[in-house]
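*Asks:* Here the protein sequences come in this chain order: A and B.
According to this note's numbering, the stretch in the first sequence is residues 1236 to 1518, in order.
According to this note's numbering, the stretch in the second sequence is residues 4 to 594, in order.
Hint data in this document are derived by calculation from the structure and do not stem from the laboratory.
This one's a predicted model, so the numbers in the text were calculated from it and none came from an experiment.
The reader is advised that the hints may include incorrect statements.
Pairwise CB distance ranges, derived in the manner of DEER restraints [claimed, not checked]: (1) A:Met1430 x B:Thr420: 15 to 23 Å; (2) A:Arg1280 x B:Pro79: 50 to 58 Å; (3) A:Met1430 x B:Gln76: 28 to 36 Å; (4) A:His1389 x B:Glu330: 45 to 53 Å; (5) B:Asp447 x A:Gly1415: 25 to 33 Å; (6) B:Pro380 x A:Leu1340: 44 to 52 Å; (7) A:Asn1259 x B:Asn411: 39 to 47 Å; (8) B:Lys442 x A:Tyr1366: 27 to 35 Å; (9) B:Ser68 x A:Met1430: 13 to 21 Å; (10) A:Lys1454 x B:Ala381: 43 to 51 Å; (11) B:Asp120 x A:Leu1340: 22 to 30 Å.
Under the rule of at most 30 Å between Cα atoms (straight-line distance), these lysine-lysine pairs were calculated in the DSBU-like manner [claimed, not checked]: (12) B:Lys269 x B:Lys349; (13) A:Lys1286 x B:Lys394; (14) B:Lys394 x B:Lys349; (15) B:Lys144 x A:Lys1285; (16) A:Lys1286 x B:Lys442; (17) B:Lys326 x B:Lys394; (18) A:Lys1286 x B:Lys326.
Virtual Cβ for every residue (Gly too), placed ideally from N, Cα, C.
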Amino acid sequence: MENYHARSVAIYLLVWFLLALFYNNLFQLTLMLAAVILLNYRLDRLGSLKKITSFILPLAGLIIIINGLFNQNGNILLTSLNIFSYTLPIYREAVIYGGAMAIKLIVILAIFTAFNILIPVERLMDIFGPYSNRSILVVAISAALIPDMVKRVHSINQVQRCRGLQEPGKGLLERSRNLGPLFLNLLRSSLQASMQMAEAMQARGYGSSKRRSIYQVQKWQRRDWLLLILALVVMGLALVGWYIGYRYHYRPLEQVSLPVYNWEVMALFCLSLPFLKGGHIWS
Amino acid sequence: MSLNKVFELNNFTYYYPRHSKPALGQVSMEVGEGEFLLLAGRSGSGKSTLARALCGLVPDFYGGSVSGDILYQGVPLDKWTKSSLARQIGIVFQEPDSQLLYRNVERDIAFGLENLDLPNSFMQRRVAEMMDFLNLNSLRKRDSSTLSGGEKQKIALAGVLAMNPQVLILDEPTSQLDPVAAGEFLKLVKDLNNEFVITIILIEQRLEQSFILADRIIVLDGGTIVFQGESREELRWAAQQNYPLVPVIPAIFTGFTDKDLPLTVKEGRKLLAGFSVKHHSQLSTWEDEQLKIRHLQPKAVGKTDKETYSGEKNRNPSGDRAKPLVEIERLSFTYAHGEPVLRDVKLNIWPGECVALVGANGAGKSTLLKVMAGLLPAFNGYVRVGNYSGKELKAEKTNCLLAYLPQNLDNFFLADTVSQDIGLSNQITASDAEFWLEKMNLQDFREDDPRKLSTGEKHRVAMAALLAANPELILLDEPTTGIDGEQKQEIGNLLLDLCRQGKSVLLVTHDIDFASDYAGRLVFMHSGTILADGSIQEVMAGNTFYTSQAARLFRGIEPGIINKTHARQYLGAQFSMDSPWGMGQEKGLDY
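Make a model of the complete structure from these sequences and hints.
*Replies:* Structure representation (structure tokens):
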């Protein structure tokens, strides 16, 4: 994918992102998860994704638990919990919906890790071309800070464990509660780092003139047109599918099955093609 | 000043936003074209603020209020356009990571040129020139996040130099580099000054090399200039004022000569020759130095045998042959998808020892510390810390036994105030927290946010938070980075105090002179392997670069001398023996 223009890759991944937001079907999302894991595997053998596993898996588990416990929209009773003489029903729809949302979260984060590998800050700046303003500065710093934050989470966790302040906790809830101070510290130190980076950028003339040149000008090629068309067609198909009434419903719960002739599944398949072929099918 | 003025500051005063005390007060100074100026002073004296004021970041980036003028080439700084300033005045910061925006090295060097909207062909040429000049071609396609600290600092320098600045400001650029990389970097800066007449304004805490390189020194204290002049004038001024800003070599000779104090080891040796010190030229080989160390009379350096030569004797001050506190055998460690970082490491640490671990950036020193702290459990080999070994060696368990101070303190603090942060752990009682708050002189910062303190103050808070838990083993990763001589002395004395109480200290440092002052044992690592481990005298005698200034000065003369205190005691002893050296007695100045 490094051979493609930054803009075509950005649009392509944007379509992935929108589809992840758009789909609710557990099966479709699982299929999509498999595709983004494959994409991440091809890019860096899951290196980036593994770094955030310790963070996203507890969060995904928490989503399933909270949905199961507090989402009372359901007809099929799985079980009931007796808490202080109060009966809390757990519905199948709520658990499945929670599972789908958890997968959706992982898919979205996996798309971001792929984005981060495929479009490093220098390529992100190329997307904006010769313009330099504060909004682009914020985008650039945010993009540069994402890998930095992953490292920082690790570092904060290590230091706090050594200080006896970051007990991992036994249960999921305890573990999640202990993450609170870590996030606060992460936010503070990341903001500080972003200020340092912004200062270094200003010292090197960023924003000193309205236009900026690009060191390595990438040409928009035929393969970029093809990638763009693919992304737009897939997005169009998804919208048409939605318009003609194909929507997944959790209540009443529809059967979670393989929608063989579903356009969206075909679209997902098409989307994964460039990666399956190593990004060189049109080059 | 005969040179054309590049900068002229007239009563420049600056207040950071929401601060009632000025960071810079009534600063008046001039900088000539092609001058190499050293800005020195204690931590928090305003050096970095002045550097930022000279390139326009203060007050433009930071806000705050100013009075007085800064003229650049005779024109007030605020009359220059931002792009002209960025083109003409370059700044390299202390922290290499925050300066490299791009992952691609070549692109990062071009970043400043892109911002100036220069034509593509011109940028290509300029970047190629810079990479050739700084010998960076091998890094051309590397991911900047995988580079060493020294390499990153060179890339940051290349990015600034590519913009062809008239003035280069360097804010402690070598603070995170090993001695060899730091020496190389400063030599490069001097070449730029000599060959391209670039005006250099250097802020440094490592005074040894920068004093030699600088044409002139400005000393800041509390935001005001307290001295401006040449290096040797500064030495005389500091001696008169008893000001703690003298490099090791001149500090050794202060009070022993009426002549100009030497700045380099070579000048020091000449002075010693003039003192008629006998050279043991026949004992110049490493083997002979070792032999001599073993037979050296301890009184020569004013310490008892036990204090001077740690070895087995100092390993256990109680005299009891108890087992070591730390035992490491055949340790190897590899990060995921990487090369081995530690290879077949063997290391024991006894109670009461202060051990310094030195080596180049990337040698595996910090990784070794993390393994000992229980942060990297996936190691091979045998590691025991106290009663914890194997799978039991986890930070959650060992934190009651050991304290680990990381190099970067940005991620260390959790609470909003200093006093809260020190007492945050359940293992720390309120009285212990209060005791360490007072012991580390932090009462005035009790309600301050620890993140907003100076580097030296942050170190003190972090040390207080760790030591309040009463650990047996203290692991310190670069505790002297970015702090001044006085603060180093405070930390060093604290470490000695802890060792006297039977606690063990393992200190990772690039500051060899600090290690020589306070450690009893020196461990030298290279590429994940321990190549030398022994008393600090023994190891320093065998090293060329990883050795102190004092050891270099007395090499072949008195190999047991490895620090300033030893050297001064040795010279003092010679004077008291009615030597022909002239001064009769030292003046007792203590730096």
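*Asks:* Which of the numbered hints are not met once you compare them with the structure shown?
*Replies:* 4, 6, 8, 11, 12, 16 and 18
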